[in-house]
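From first to last, the protein sequence lines are chains A and B. By our numbering, the letter at position 129 of the first sequence is numbered 115, and the numbering carries on one by one without gaps. By our numbering, the letter at position 98 of the second sequence is numbered 99, and the numbering carries on one by one without gaps.
Hints are computed from structural coordinates only; laboratory data are not their basis. Glycine is no exception: its CB is placed at the ideal position from the N, C-alpha and C atoms. Each hint should be verified, as a subset may be incorrect.
Said to hold, decoys possible - Here are the in silico distance ranges between beta carbons for each label pair:
1. B:125 x A:94: 53 to 61 angstroms
2. A:263 x B:65: 48 to 56 angstroms
3. A:264 x B:90: 24 to 32 angstroms
4. A:105 x B:399: 35 to 43 angstroms
5. A:218 x B:126: 16 to 24 angstroms
6. B:103 x A:103: 48 to 56 angstroms
7. A:94 x B:69: 25 to 33 angstroms
8. A:106 x B:295: 23 to 31 angstroms
9. B:65 x A:68: 47 to 55 angstroms
Said to hold, decoys possible - Short derived list, chain A residues pointing at chain B, Cβ under 8 angstroms:
10. 37
11. 104
12. 110
13. 113
14. 128
15. 131
16. 255
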Amino acid sequence: MLEVLFIGLSLGSILLLVALGLAITYGAMGVINMAHGEMVMVGAYVTVLSGIYLGANVFIAIPLAFIVTALLGLLIERVVVRRLYGRLLDTLLATWGIAILIQQAVRLEFGLSFFGIHIAGLGPGLQNVSVPEILQGTLSIGAAEINRYRAFIIIVTAILAVLTWLIIYRTSIGMQVRAIIRNPKMAAACGIDVTRVNALTFAFGSGLAGVAGVMMSGFKTVFPDMGTSMVVDGFLVVVMGGVGSLLGSVLSAGILGEINGLVAAATNDILARAVVFGVVIAIIVLKPKGLFALKGR
Amino acid sequence: MAVDRRRFIKNGLLAGGALITSPYVFSKGALAAGEIKVGVLFSLTGGLSIIEKSLHDATMMAISEINAKGGVKGMKITAVAEDGASDPKTYNEKASKLVIQDKVPTVFGSYTSASRKAVLPVFEKRNNLYFYPTYYEGFECSKNVVYTGAVPNQQLSNFIPWIIKTLGKKKFFIVGSNYIYPREMAKVSKILIEKNGGQWIADEYLELGHSEWGSMVNKIKSSGCDVVLSNVVGDSVVAFYREYKNQGLSHDKLPICATVTSEIEIAAMGAEYAVGSFTSFPYFQAIDTDRNKAFVERYRAFVKDPKAVTHHALESSYFQVYLWKQAVEKAAEITPAAIREAVKGQEFDAPNGHVKIEPENLHTWMTPRIAQWQADGQGKIIDAYKEPIFPLPYVAYGETPTNLFCTGKGLDSSKLKT
C-alpha cells in the first residue's frame, strides 16, 4: 500500500513539476503558453547535449537547462508574447506556433540536416540520457522499496515549489508580480515597471519548465514531440487548482496524482486516466474558478 | 464557356475512366524513357518518423544499389518518395497520388498496421501492389499486398515454448500497448502458453505512447509472475524498461521477453536497462554472417552515420526491394498484376538468411530467432531455427500449413468461424 501511495505522490510531483511554470505564466500573466511543453523538451535536450559534449550529468544539467530555457523564454516574451497581453486566445495561437517552430528546429537540427550535417543528440530520433548510478534502483524504507529516481523528482519538485513560493511571497519582485496579477494598470500607476517584471516572470516560468525537462529526460523518452502531451496535464492542474494560486496547483497536482495512482493500482492505467479527467471536469463544473480562486474586488 | 467547361469535365472523366480500366496505362506512365517509377511511402515527419525514416533509408539504399548494378531489365528505378506524416489519412492521400497520378506499378511503405489499413482500399480498388516490411498481427489476406515482415507464428511459436522449456518460466504477465497488434499477439500467446503447460496470470494494456509505468510495474512486482511477455510498442518501451529496473526488478529473476523491442529502442533507453532481457525477431543486427556484416556497413555508409543500428523492419524494407526486382525481371510486362504473379515463390538471400514469398498468402518464409540483450546494445542470438518457417497470418484462429485460411483464392472465411 505504501508503494502505491508513493507512486501516487510521484505522479503528483511530476504533474506539479510541469504545472509550476504554467501556474506562473498562465496563472500570473494570463498567457496560455502552448510552448510550455516545448520548454520542457528543450530542457531535456539540454541534458542530452550537455551529456554528449560536456560529459555532464543531470545534476549539472539542472542549472544549465534553467538558464537556456529562461533565456529562450525571455526571447519569446520580447518578440511575441509582449504584444499580446490581454488577448488570451491570441496568445494560445501564437505560442502554439512557437511550439511547432521549436519542435521542428530540434527535429531538423536547426535546418542543418538539409545540408547533410548531422548533430549528435538532435534530430527526429529517440535520445538517451544516462542516469548516475546513485539515482538508479531502489531505496529500502521499512518494508517498502522506493524508486530512487522518483524520490529524487519529488525532492527537486518540493525544492522548486518552496523556492517559487519564497520568490513570489517574500521578495519585492514577487510583490510586484502579485500586484500585476491583481491589476496591471494600477500596478503600473504605482510605478512598477510592468514590461520588465512580465519579461522576468515569463523567463522564470520557462526556466522552471527547463528543469522539469531535465527531470523527465532521465525517466521518459527524449524526442521532439515529448512536450506536447505534458502541457495538457499541466493545464489540468493549474485550472483545477485555481488560476493564479500556487497553493492550489500544489494541492491539485497531489490530489490528481494520488487518484491516478490508486485507481491504476485497483484497476488499470487507462481507466485511471479517464477517472482523473472525470474528476477535473466535475471540479470545473462545481467550482468554475478552481479549488483556490483568488478573491478580488 | 459553360459548354466548354462541361466538355472539359466530360473528357477528363473519360480519360480518368480509361486510366482505371486499362492496365497498359500503368506501364506507359511508369516506363517513360527507360526508367521504372516506384512509390516509397513512409513517415518522414511526426512521431513515427523516428523509426520510419530508417525504413525509408533502407528502401532507398536497395534502390540505389540495384541502379548502380544496371537497374532492372536495363531500366533505372526512380523512387517517388512521399511522406505519410505519421497520419493514416495522409497515408491514404499519398497512396492515391502515387497510384493515380504517378502511375507507379508498386509502392513500398508503411510501418504501423493503422497506416497499412488506411492505404489498403486504394491498392485493392486500383488493383495495384503494396510491399509492407513490418512484422504485424496477421489477420489480413489481400492479394494486393506482399508482406515481408514476421507474422505472429514466426515470432511466438518458437518463443513461448522456449521460455517455458529452456528458461523454465511458467507464469506469464502479458503487457502491451492498447491497440490491435499487442492484443492479437496476446491472443496467440495465450494459445501457445496453454498448449505448452504454462499459465498467464494477467493481460494488461497501456495507451500507445504512454510513458508513466509506475503503477503497472508495481502490479507486475506484486503479481507473482515469473516472466513478463511484452508487446509494448514505440517510445513507451523506453519508459517501461527504465521503470522496471528503477523499481528493483531484474531480468535475471524476472526477465522481460519482448516481441517489439529492437535495436532502436535499446539504443534509446540505454543498454544497461535491458541487459539480460529477451526479444524474438527473425533479424538482429548481431547476426554473425559476412552477408549481414557487409549489409550493416553499407547501411551505415549510406546514411552517413557510423553508429546507425539496423533492425528487423529495416532489413525487410531492404530485401523486399530485391524480391520485387526479381519479380519484375520474371514478369512479362510491368503491371501490378504481372509483378504480383511473378513475386510468388521468389527467393532471396537476405541479411537474415534465406527468405521466400509464399505463393498462397504472399507472406514471407523467415527464420525465427531469440536474442538476449547485451551491455553493448546488441542482441546475442541464443536460439534460432535452422531454416525459415511457413508464415501463418491466421495462426490465432487455428491456421496450419496444411489447413490454410488465406490462399491465392483469397480468405476462406468459413474456416474463421469454427
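Okay, the hints, checked on the actual structure:
no.: 1; hint: B:125 x A:94: 53 to 61 angstroms; in the structure: violated, 36 angstroms
no.: 2; hint: A:263 x B:65: 48 to 56 angstroms; in the structure: holds, 49 angstroms
no.: 3; hint: A:264 x B:90: 24 to 32 angstroms; in the structure: holds, 30 angstroms
no.: 4; hint: A:105 x B:399: 35 to 43 angstroms; in the structure: violated, 52 angstroms
no.: 5; hint: A:218 x B:126: 16 to 24 angstroms; in the structure: violated, 38 angstroms
no.: 6; hint: B:103 x A:103: 48 to 56 angstroms; in the structure: violated, 31 angstroms
no.: 7; hint: A:94 x B:69: 25 to 33 angstroms; in the structure: holds, 29 angstroms
no.: 8; hint: A:106 x B:295: 23 to 31 angstroms; in the structure: holds, 25 angstroms
no.: 9; hint: B:65 x A:68: 47 to 55 angstroms; in the structure: holds, 50 angstroms
no.: 10; hint: 37; in the structure: violated, 11 angstroms
no.: 11; hint: 104; in the structure: holds, 7 angstroms
no.: 12; hint: 110; in the structure: holds, 5 angstroms
no.: 13; hint: 113; in the structure: holds, 7 angstroms
no.: 14; hint: 128; in the structure: violated, 15 angstroms
no.: 15; hint: 131; in the structure: holds, 5 angstroms
no.: 16; hint: 255; in the structure: holds, 5 angstroms
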